[in-house]
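Visitor: Assemble the whole structure, with the sequences as input and the hints as a guide.
Sequence lines, in order, name chains A and B. In terms of numbering that gives the first Met the number 0, the first sequence opens at residue 0 and continues consecutively. In terms of numbering that gives the first Met the number 0, the second sequence opens at residue 0 and continues consecutively.
Calculated directly from the structure, the hints in this document are not laboratory data. Check before you lean on any hint, since a few could be wrong.
The list treats identical chains as interchangeable, and a pair is accepted whether it falls inside one copy or across any two copies.
Computed list of lysine-lysine pairs in DSS-like fashion (alpha-carbon distance at most 30 Å, straight line) [as the list claims (entries may be wrong)]:
| id | residue 1 | residue 2 |
| --- | --- | --- |
| 1 | Lys264 | Lys240 |
| 2 | Lys255 | Lys169 |
| 3 | Lys261 | Lys240 |
Quick caveat: nothing in here was measured; it's all calculated off a predicted structure.
There are 2 protein chains.
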Amino acid sequence: MTNTDLAVHFFAQIAVILVICRVVGVLAAKFGQPQVVAEMIAGVLLGPSLFGLFAPDWQAAIFPWDSTQQSRDTQSYLFPASQLGLALYMFIVGMEFRIDVIRNNLRSSLAVSLAGMAAPFALGAALAAYFHYSTNLFPERTTLNEAMLFLGASMCITAFPMLARIIHFKNLSGTLMGTVAIGAGAIDDVTAWCLLALVLASFDGDPSRAVGTIVGAVLFVAFAALILRPLLARWQHRLLKIEPQDLPPGNPDRAKAASAIKTAKKELTDVGFVVGLVCMSLGAWFTDWLHLHAVFGAFVIGAVMPRGPICEGLVRRIQPLTVALLLPLFFTYSGLNTQIGLLNSWYLWGLCLLVLLVAVIGKGVACYLASRATGLSHQESLGIGTLMNARGLMELIIINIGLQRGIISEELFATLVIMAVVTTLMASPIFDLAMRGTSPDHHRRPRSTVD
Amino acid sequence: MTNTDLAVHFFAQIAVILVICRVVGVLAAKFGQPQVVAEMIAGVLLGPSLFGLFAPDWQAAIFPWDSTQQSRDTQSYLFPASQLGLALYMFIVGMEFRIDVIRNNLRSSLAVSLAGMAAPFALGAALAAYFHYSTNLFPERTTLNEAMLFLGASMCITAFPMLARIIHFKNLSGTLMGTVAIGAGAIDDVTAWCLLALVLASFDGDPSRAVGTIVGAVLFVAFAALILRPLLARWQHRLLKIEPQDLPPGNPDRAKAASAIKTAKKELTDVGFVVGLVCMSLGAWFTDWLHLHAVFGAFVIGAVMPRGPICEGLVRRIQPLTVALLLPLFFTYSGLNTQIGLLNSWYLWGLCLLVLLVAVIGKGVACYLASRATGLSHQESLGIGTLMNARGLMELIIINIGLQRGIISEELFATLVIMAVVTTLMASPIFDLAMRGTSPDHHRRPRSTVD
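Guide: Structure below.
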């Protein structure tokens, strides 16, 4: 297939993906589910699990399989676009990240995040040991340690960007519950990525690389927070322009002009936009190069961007196309790799249920208990537990990496996709049930300029 | 190389591309050149012609070459992102297309476009015959007819989106000159694409496919203009929402409510955005499938989108990321294929100069004369000739296709890249010189809501 032939498929794929995502989205909205859940499911439906099962010819025509490469040919098309979409999305999530609120609720965030790591990691690792000895869910190459680390890490994952989106969707961005959940989710995810890095490094047969990865990640975060952040804050006026009509006419005295400049509405310049994109790309490149993942760097860079007109301008320009067009491509890319049909026995479905139970108990219940222990109400704790329990997008990312590198089998991949979808599906209804009768404004705190 | 390794390069590439585009852009702005010209040149500089010549190791590290595939490995990364960017960009250009103004100046537009096709096509075809007999600039597989058609078509090309951008940049969107040039450019480009389709079809060894392509293109345009356009116009209120604060409070009577709805400010919904993207993707897919090119379909769909809040909303959401991030990737993709070093003799540079002369005389001078003949002033005609002469982006697209399919040699490709860059570089200075002393407002007509 030439590039031109591939391009034909690419645009047909985009059309099909967007239509299916919207149709599933309309259905999901009837059940109070956010669009992002619909897109996760739509991705699975477009893959071999449904579309490929009932209309294999049509599925193969739209998402052709290149038998020479042992991979879907057009993945080389969907993959870069979806990677770009993921990085841009995490950049936005980083910019919407409210470090100030985490700091104010540090005790609760830390307690929840610790519980949300220790419990699921321990349970996941135990489950991995069982799977490793008694089933074929891990390929032979994968050692016991790697299996335990990987399944432990993937149980720890919180759908951090999805959690942020659900909180945004439910209009809870400024509440105690929302911010504790976001803070804990962020800490958990960073840790889970470090665990994943350990697995990947040991899988490459070089444990010293794992140390390098973790040292590199710490240095990167330190550089971003201690050098890049103040630098950008100091130079931010160079990335902004003032609309001329907001300046006083004529030639006012200097003090007057200075105060007018201070209060005038500022707008991100084209150069500022490119500077933001370059910082994001460099962050994504560096964390990719460290054998972490591009999304991590994009998030950190987003988190250190100066709040105010710069973040607002960047989000306004990046978000629409990223959320509407590029993210659905990632969900589909992931769904194409998901073969639920591989779970073809009651035994495998039983294991799938076991994974699901361990995931919910390890993450949701543990986070609920930790929230309670730090003094939050039953309702708030239930909300936090439910939000932390949603795995969503990030789980899909981590298990896609695991499948690509051959750490997990396709059966385990399908099982974990189901776990990710179900825990994410659970979030909205349980959350609504928990919140019933309370006004979110009761918990609301002053909102930052960005959310 | 695994997908993950490729992703590392991808983000490094994006950072390098954006930085170089901006640096060249700052230099170009000093000479009154628009950013898009800078990006064209930046693309060539990043390829083997400069970066690869002076720092081959660094160039290979950032844009690695996969020796097994006989192609730059990461083209599989840059290519889809750049194709998506091109289609989105042409969609915007289509939405900014002002069919009403062309209709008002149909005689001038037609005359200019005819001159701008017949002359360069005849000269290009003659040049191709000479090249075919006396040089190695065409591969042996290419027949005389194909060579004449291809070089003729690529001489006809006008940098239609770039022309639109220069007119926008110079604030001439509503002038007679600007609109005649846009109209003529659009007509020429459509014809040139049809000629290219003829070449591609005959090159595939099946002349009946060329007929199919042209019939298909006519049917597609007819469908878009006669069915899709009125349909979208009729249903457009379903794609729009009204901000609640714009409606009268309480429960007003029906007539009052209806008039309030009519005058209220309307905003594109998320569904409307996706509908626009799906239409674009389907158009791009269909014209790709016809063996035209995705950009053609994206443009036609853009041209039939309902003017007003829908086009405004689509452009506002698509434009920033497309222009700042995705288009530079296409320029680089094209630049990576450009090896100016292949022009390694005075003889080849002489041929290059000949191509350039033929291009300028065939297109620029012919369009100037045609404009004069229909009664436009010397100044306006000079402006139109200069704008039509700029080849830019579209020339890069057409010759990239020619190179991919093996119709032209890498030497001729490099020659045509130089022709495209020089004719585009000429546009701004000559245009400014021609316009000196006149206020663009002199020619200005009422602007439509979109431009």
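Visitor: If a hint holds in the structure, say so; if it does not, say that too.
Guide: Here is how each hint holds up against the structure:
1. Lys264 to Lys240: Result: close both inside a copy and across copies, 9 Å intra and 27 Å inter.
2. Lys255 to Lys169: Neither. Shortest intra-copy (43 Å) and inter-copy (33 Å) distances fail the 30 Å Cα cut-off.
3. Lys261 to Lys240: Classified as within; 12 Å inside a copy, 35 Å across copies.
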